[in-house]
Amino acid sequence: VQLQASGGGLVQAGGSLSLSCARSGSIFGMIAMGWYRQAPGKQRELVARITRAGTINYADPVKGRFTISRDNAKNTVYLQMNNLNFEDTAVYYCNIVAVNANYWGQGTLVTVSS
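Mapping of the sequence shown onto our numbering: residues 107 to 220, in sequence order.
I should point out that these hints are in silico values taken from the structure, not numbers from a laboratory. Fair warning: there could be bad hints in the mix.
Claimed, not checked - DMTMM-like, lysine to aspartate or glutamate: derived pairs with alpha carbons at most 20 Å apart:
id, residue 1, residue 2
1, 148, 166
2, 148, 177
3, 169, 193
In this text, all values refer to a predicted model and were calculated from it rather than measured experimentally.
When you get a sec, could you build the whole thing from the sequences and use the hints?
Right, dumping it as structure tokens:
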């Protein structure tokens with residue numbers, strides 16, 4: 107299984123970016139797909155997650171600004187990020203949690219300039 111993330115880049119504060127993560131390979135017992143981020147000097151943290159049943163959770167700092175979605179036919183999960191601020195600067199990782207495994211993408215850098 108491979109997760110290929112894309113869409114990061116440099117954006118001014120208040121701007122928007124859209125991330126995507128395409129999965130190749132089959133997964134048994136998928137539980138949830140999501141996005142995490144890791145800022146310099148900080149621990150990796152959950153940004154947003156969508157379960158197999160469609161339940162969505164957002165971290166408090168991104169509520170109302172970020173939207174997670176998925177396209178099952180394309181095996182892809184998306185993260186639409188609006189009204190970005192400097193604190194959103196981080197490497198963003200897509201993640202899939204399955205019954206017996208935890209998969210990570212390679213990370214894509216999002217830099218928000220003030």
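Outcome of the hint check:
1. Restraint check for residue 148 and residue 166: satisfied, since their Cα atoms lie roughly 17 Å apart, inside the 20 Å limit.
2. The suggested pairing of residue 148 with residue 177 is violated, with an alpha-carbon distance near 31 Å, which exceeds 20 Å.
3. Annotation: proposed proximity of residue 169 to residue 193 holds, straight-line Cα distance about 14 Å (limit 20 Å).
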